[in-house]
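According to this note's numbering, the residues represented by the sequence shown are 54 to 148, in order.
No wet-lab data here; the hints were simulated from the structure. Fair warning: there could be bad hints in the mix.
Claimed, not checked - Derived CB-CB ranges, DEER-like:
1. R142 x K105: 48 to 58 Å
2. H81 x E112: 41 to 51 Å
3. W144 x S108: 34 to 44 Å
4. G90 x T140: 52 to 62 Å
5. S63 x G103: 19 to 29 Å
6. R142 x F66: 39 to 49 Å
7. W136 x W98: 17 to 27 Å
8. K74 x P145: 43 to 53 Å
9. T140 x H116: 41 to 51 Å
10. W143 x P86: 46 to 56 Å
What the hints assert, rightly or not - Cross-link-like lysine to aspartate or glutamate pairs, in silico, DMTMM-like; alpha carbons within 25 Å at most:
11. K141 x D127
12. K74 x D87
13. K105 x D120
14. K137 x D120
15. K80 x D70
16. K141 x D120
17. K137 x D127
Heads up, the beta-carbon is just placed ideally off N, CA and C, and yes, glycines get one too.
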Amino acid sequence: QYTGTVGGQSTSFTVLDSEIKSTLLKKHALAPPDFIGNAYQGLTWRLGFGLKNPSNPEEFENHQATDAFPLTVDTVNRPEALWKDLTKRWWPNLQ
Numbered sequence: 054q055y056t057g058t059v060g061g062q063s064t065s066f067t068v069l070d071s072e073i074k075s076t077l078l079k080k081h082a083l084a085p086p087d088f089i090g091n092a093y094q095g096l097t098w099r100l101g102f103g104l105k106n107p108s109n110p111e112e113f114e115n116h117q118a119t120d121a122f123p124l125t126v127d128t129v130n131r132p133e134a135l136w137k138d139l140t141k142r143w144w145p146n147l148q
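My request is simple: use the sequences and hints to build the entire structure.
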């Protein structure tokens with residue numbers, strides 16, 4: 054099984070405001086006003102509706118893994134070793 058937020062986004066007002074200002078859109082009618090004072094506003098929204106059941110988010114649906122990859126002492130926290138092992142297992146003709 055794999056899990057997680059499918060299509061979910063999380064950011065903050067500061068990041069969005071900075072992007073709006075850097076693209077010179079701050080004077081646009083839909084641009085948000087500046088905060089008055091020292092404030093933080095987090096923004097989170099979900100975009101991924103289920104394919105099999107559109108009334109539920111995608112992350113609530115069952116997702117069986119098609120491949121399993123065992124981690125070993127040689128591959129944990131070693132990305133290069135991990136990819137070499139994956140290549141050997143999944144694409145042996147590339148050796």
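These are the hints, each one checked on the structure:
Between R142 and K105, the C-beta spacing of about 30 Å breaks the proposed range 48 to 58 Å. Look at H81 against E112: about 33 Å separates their beta carbons, and that is not inside 41 to 51 Å. Checked against the hint of 34 to 44 Å, the C-beta distance between W144 and S108 comes to roughly 39 Å, which is consistent with it. Take G90 and T140: their Cβ atoms lie about 54 Å apart, and the range 52 to 62 Å holds.
A C-beta distance of roughly 20 Å is found between S63 and G103, which places it inside the suggested range of 19 to 29 Å. Distance hint check: the CB atoms of R142 and F66 are about 45 Å apart, consistent with the given range 39 to 49 Å. Separated by about 33 Å at the C-beta atoms, W136 and W98 break the suggested range of 17 to 27 Å. Restraint check, K74 to P145: a C-beta distance of roughly 52 Å satisfies the suggested window 43 to 53 Å.
A hinted range of 41 to 51 Å is violated for the C-beta pair T140 and H116, which are about 24 Å apart. Checked against the hint of 46 to 56 Å, the pair W143 and P86 passes, with Cβ atoms roughly 52 Å apart. Between K141 and D127, the direct Cα distance comes to roughly 14 Å. Compliance with the 25 Å bound is thereby established for this hinted pair. This hinted pair checks out: K74 and D87 have alpha carbons roughly 11 Å apart, not beyond 25 Å.
With a C-alpha separation of about 22 Å, the suggested pairing of K105 with D120 holds against the 25 Å cut-off. For the hint linking K137 to D120, the alpha-carbon distance of about 17 Å falls within 25 Å, and the restraint holds. Among the hinted pairs, K80 with D70 is consistent with the structure: their alpha-carbon atoms are about 12 Å apart, no more than 25 Å. With a C-alpha separation of about 14 Å, the suggested pairing of K141 with D120 holds against the 25 Å cut-off.
Between K137 and D127, the direct Cα distance comes to roughly 11 Å. Compliance with the 25 Å bound is thereby established for this hinted pair.
The structure fails to meet hints 1, 2, 7 and 9 from the earlier list, while all remaining hints are met.
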